[in-house]
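This is what each chain is made of:
Protein chains: 4
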Amino acid sequence: MNTFKKSINYIMDKVKTSLLSLNDEQIEKICREFLRADRIFLYGAGRSGLVAKAFAIRLVHLGFQTYVIGETITPPVRKGDLVIVISGSGETIPSVMTAEIAKKIGAKLIAVTSREDSKISKNADFTVKLSTECEDRERARLAPLGTLFEASAWLFLDGLVAKLMEMKGESEKRMKERHATLQ
Amino acid sequence: MNTFKKSINYIMDKVKTSLLSLNDEQIEKICREFLRADRIFLYGAGRSGLVAKAFAIRLVHLGFQTYVIGETITPPVRKGDLVIVISGSGETIPSVMTAEIAKKIGAKLIAVTSREDSKISKNADFTVKLSTECEDRERARLAPLGTLFEASAWLFLDGLVAKLMEMKGESEKRMKERHATLQ
Amino acid sequence: MNTFKKSINYIMDKVKTSLLSLNDEQIEKICREFLRADRIFLYGAGRSGLVAKAFAIRLVHLGFQTYVIGETITPPVRKGDLVIVISGSGETIPSVMTAEIAKKIGAKLIAVTSREDSKISKNADFTVKLSTECEDRERARLAPLGTLFEASAWLFLDGLVAKLMEMKGESEKRMKERHATLQ
Amino acid sequence: MNTFKKSINYIMDKVKTSLLSLNDEQIEKICREFLRADRIFLYGAGRSGLVAKAFAIRLVHLGFQTYVIGETITPPVRKGDLVIVISGSGETIPSVMTAEIAKKIGAKLIAVTSREDSKISKNADFTVKLSTECEDRERARLAPLGTLFEASAWLFLDGLVAKLMEMKGESEKRMKERHATLQ
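Residue numbers (my numbering), protein chains in the order written: chain A, 1 to 183; chain B, 184 to 366; chain C, 367 to 549; chain D, 550 to 732.
Some hints could be false.
Pairs of lysine-lysine, DSBU-like flavour, derived with a Cα cap of 30 Å [said to hold, decoys possible]:
no.	chain 1	residue 1	chain 2	residue 2
1	B	Lys305	D	Lys628
2	C	Lys539	A	Lys5
3	A	Lys16	A	Lys168
4	B	Lys356	A	Lys104
5	C	Lys488	C	Lys382
6	C	Lys488	B	Lys287
7	C	Lys371	C	Lys382
8	C	Lys470	A	Lys5
9	A	Lys173	B	Lys356
10	A	Lys6	C	Lys445
11	C	Lys470	D	Lys722
12	C	Lys469	D	Lys725
13	B	Lys189	D	Lys717
14	B	Lys189	A	Lys173
15	A	Lys6	C	Lys539
16	C	Lys534	D	Lys628
17	A	Lys16	A	Lys176
18	C	Lys445	A	Lys16
19	C	Lys542	D	Lys628
20	A	Lys176	C	Lys382
21	A	Lys16	C	Lys382
22	A	Lys6	C	Lys542
23	D	Lys671	D	Lys653
24	C	Lys445	C	Lys371
25	A	Lys173	B	Lys305
26	D	Lys578	B	Lys189
27	B	Lys189	D	Lys555
28	C	Lys371	A	Lys122
29	A	Lys103	B	Lys356
30	D	Lys725	B	Lys305
31	C	Lys542	A	Lys122
No lab work stands behind these hints, which were simulated from the structure alone.
Note that the coordinates shown come from a computational prediction; the quantities given were computed from them, not determined experimentally.
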């Protein structure tokens, strides 16, 4: 098999293992925080930031009042808001600072990271640990740098969308109506 | 005088002439559209897009529900919304398309442009003409490309902020409280 | 099994089927276009645009001169450049326009889409068809809107990164050195 | 005179005073750093970040290899690069951090700020002080928050463009050719 397909298989195996090992009850609890929050704020740096934005778009489709920290029109976070920070290492400086400030303000904080003992986890109300740190021989050439974490985070959040859709009683049709017509 | 200061003087003279010639009544009318609108959407391409975003930040400070078209969490424009498109030539393709779609949806449209007969103006409820097209010998070297239009648009919108602040009864203190704490 | 894990399983099955059915020879050909191109330009709207940006970051890590169309410092596309447009429907207006202009300029164009007969494909030198259109009963609730296409595109491009890494003789270590230190 | 025009006059007076008091020799020295640098990196948060991006677009037009810190494809800063940080207070956290890291790497650093004794100035090789702090009674209602600094920074950089154009022997025609065709 060539490197392209080996890489696809490798990434998908690791992502699947990581996501299917997540605790169902924790997922439920986390989703309830979305339903309870006044507003939802997303943050991530680099590729994790792109994953955060992709999720933000779906949250808008689901009817949540959602903001991406760092974008033009984002208001200040307040008590009662939910902040989700995505960072593989959990140590990226702006992510750590965002987590600290969110906590100080009294917002609820969910950390999505590969390290439970990282700096962003210390301030988090919930840490979703995506077990993507793996040092077998193939990782570096089939899934370099943060590839496994970022793909896992993308799919984790897609799964969360399906769960939130169900809990909120949303349909694809209504989500489509909330999709931007001008871009 | 060196080129730096000549350029500053040149740009500021042209900008001032262009802005002080605007009709007071039109400014009033335009500001009333802001107060009447459900939500406000901004659009511009390139440097005009940056001017649009800078204004969007101030509208958020002023307490308007504001979105930048093309950003992650922007919802669909609806009837009752106000769309402001900034384009020097008034012919930039995505700006023209945004104007057309906004009109078709039944939103109010304000065009900020240097050409009253441009494509975006045709769909606009109000055209703010910034008279920055000037072909004296010095322009190309002291204010290349869209420099005069973009500087005029930036300052025009700063002036509008002061006017909206007055009409809406806002203070600098309250605006500061709406300023994002995490970025 | 709860909806979260059902969704993960559903998306991963569809994505895997779609990606493993791709033709190895086409992948090779496409990768050679990357090595041959003067510069690489990425474009996509909405969530597809985020997928495009995530890939752009990795291309920078791999040492390719890479730009995202629509970002601040992007230069004009020229003959000799490679343009990659990502669009599930292949009909999103700015994506279609980007494809048309790229073709007219004489750049090479790769379309990543779920529809081979779409407008962007007509101008493309290569169309990568990700077979993610599926209308079984479960799709709408487990993978709403463009979810399957976007997840497939993300993983397709991760696989391409591994392949390009091999063809270009790059190591994870060197990729890391090209990672931005200030953000 | 109504508030709109009072605001325009007020802002333009303050901006002009601030910019015309700048030292010609310092402007020359700063421009020489642009010509000497390997690559140029811009940074600013919020509205100052938009000013930075508007300048970055012109630097691309002028043929400088230019990056905006925080955008998708930005490479790591190295010794030999020039970093320009724009911050009114000079204390905005990500701006201060960017300045610190730039200095540690050994890049040249220019700070554009209203406070010479601010944190970003401490690490700067050159501080451009825009004297926009003024506490007369009118400021808060005619130019709220950072309005004076941001308008001054926009025009300062427009003046720098004219100066750099002259020093580099660039024409408007050539700048136009470097303007992005796809956006």
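Results of checking the hints against the structure:
{"no.": "1", "hint": "B:Lys305 x D:Lys628", "result": "violated, 51 Å"}
{"no.": "2", "hint": "C:Lys539 x A:Lys5", "result": "holds, 22 Å"}
{"no.": "3", "hint": "A:Lys16 x A:Lys168", "result": "holds, 26 Å"}
{"no.": "4", "hint": "B:Lys356 x A:Lys104", "result": "holds, 22 Å"}
{"no.": "5", "hint": "C:Lys488 x C:Lys382", "result": "holds, 26 Å"}
{"no.": "6", "hint": "C:Lys488 x B:Lys287", "result": "holds, 29 Å"}
{"no.": "7", "hint": "C:Lys371 x C:Lys382", "result": "holds, 16 Å"}
{"no.": "8", "hint": "C:Lys470 x A:Lys5", "result": "violated, 33 Å"}
{"no.": "9", "hint": "A:Lys173 x B:Lys356", "result": "violated, 43 Å"}
{"no.": "10", "hint": "A:Lys6 x C:Lys445", "result": "violated, 33 Å"}
{"no.": "11", "hint": "C:Lys470 x D:Lys722", "result": "holds, 22 Å"}
{"no.": "12", "hint": "C:Lys469 x D:Lys725", "result": "holds, 21 Å"}
{"no.": "13", "hint": "B:Lys189 x D:Lys717", "result": "holds, 17 Å"}
{"no.": "14", "hint": "B:Lys189 x A:Lys173", "result": "violated, 58 Å"}
{"no.": "15", "hint": "A:Lys6 x C:Lys539", "result": "holds, 20 Å"}
{"no.": "16", "hint": "C:Lys534 x D:Lys628", "result": "holds, 27 Å"}
{"no.": "17", "hint": "A:Lys16 x A:Lys176", "result": "holds, 28 Å"}
{"no.": "18", "hint": "C:Lys445 x A:Lys16", "result": "violated, 42 Å"}
{"no.": "19", "hint": "C:Lys542 x D:Lys628", "result": "holds, 18 Å"}
{"no.": "20", "hint": "A:Lys176 x C:Lys382", "result": "holds, 26 Å"}
{"no.": "21", "hint": "A:Lys16 x C:Lys382", "result": "holds, 11 Å"}
{"no.": "22", "hint": "A:Lys6 x C:Lys542", "result": "holds, 22 Å"}
{"no.": "23", "hint": "D:Lys671 x D:Lys653", "result": "holds, 12 Å"}
{"no.": "24", "hint": "C:Lys445 x C:Lys371", "result": "violated, 47 Å"}
{"no.": "25", "hint": "A:Lys173 x B:Lys305", "result": "violated, 34 Å"}
{"no.": "26", "hint": "D:Lys578 x B:Lys189", "result": "holds, 18 Å"}
{"no.": "27", "hint": "B:Lys189 x D:Lys555", "result": "holds, 25 Å"}
{"no.": "28", "hint": "C:Lys371 x A:Lys122", "result": "holds, 27 Å"}
{"no.": "29", "hint": "A:Lys103 x B:Lys356", "result": "holds, 24 Å"}
{"no.": "30", "hint": "D:Lys725 x B:Lys305", "result": "holds, 27 Å"}
{"no.": "31", "hint": "C:Lys542 x A:Lys122", "result": "holds, 27 Å"}
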